[in-house]
Amino acid sequence: GNSVTQMEGPVTLSEEAFLTINCTYTATGYPSLFWYVQYPGEGLQLLLKATKADDKGSNKGFEATYRKETTSFHLEKGSVQVSDSAVYFCALRAGANSKLTFGKGITLSVRP
Amino acid sequence: DAGVIQSPRHEVTEMGQEVTLRCKPISGHNSLFWYRQTMMRGLELLIYFNNNVPIDDSGMPEDRFSAKMPNASFSTLKIQPSEPRDSAVYFCASSLSLEKTWPQHFGDGTRLSIL
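Line order of the protein sequences matches chains A and B. In terms of our numbering, the first sequence opens at residue 36 and continues consecutively. In terms of our numbering, the second sequence opens at residue 15 and continues consecutively.
Do not take every clue at face value.
[To be verified] Derived lysine-lysine pairs resembling DSS-like cross-links, with alpha carbons at most 30 Å apart:
1) A:103 - A:87
2) A:139 - A:95
3) B:82 - A:103
4) A:139 - A:91
5) B:82 - A:91
6) A:91 - A:112
7) B:82 - A:95
8) A:103 - A:139
9) A:95 - B:92
10) B:92 - B:38
11) A:139 - A:87
12) A:112 - A:87
If you are wondering where the hints come from, they were derived from the structure by calculation, not from laboratory data.
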């Protein structure tokens, strides 16, 4: 079956630090990959996506590259801000009539 | 553009009462999903619809839970009778289709507390 594994959290960083959040997946066929962000008290928002191997998704300074050879979709940002504090979910969709398979999510806290 | 709209935002009720959660998907979206989020179990998919037809309800926890989508612009999730362990945040999401490249767009959720 399909599954998404995220690194254990929480993660605490100082403002302007470099961020990497690891995500690996197992899927049948060729999935589409997504990162969602959930700010406190809100729903999940799509942050970025990639639909085929070697695609790079980017948004708000965040980037992730679809690596088929390592089945990974790691999220990176060069300089985090306090406003990036949130829960980040990696997810995939694969196959026909597919539902989203989510990772467990990781909480990021950014200190001023 | 209007996003996914859920109501109510908060609901507090006593156990045994019927609870109805409502969702209006993004106009033109053909797929709708109901999720539940708790600290213990994380994000769980309960049921999803395509073109108003339920596709997979295997995530619905028990017969006390039911969901309907009478038309393309409205869906309900009902719990009857409610129990304290149903307390959670319930999210609705919609997608243009079930095709894998399309993302899901989430509402702000209904925070449900059963006393």
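Hints violated by the structure (numbers, ascending): Of the numbered hints given earlier, those the structure breaks are 3, 5, 7, 9, listed in rising order.
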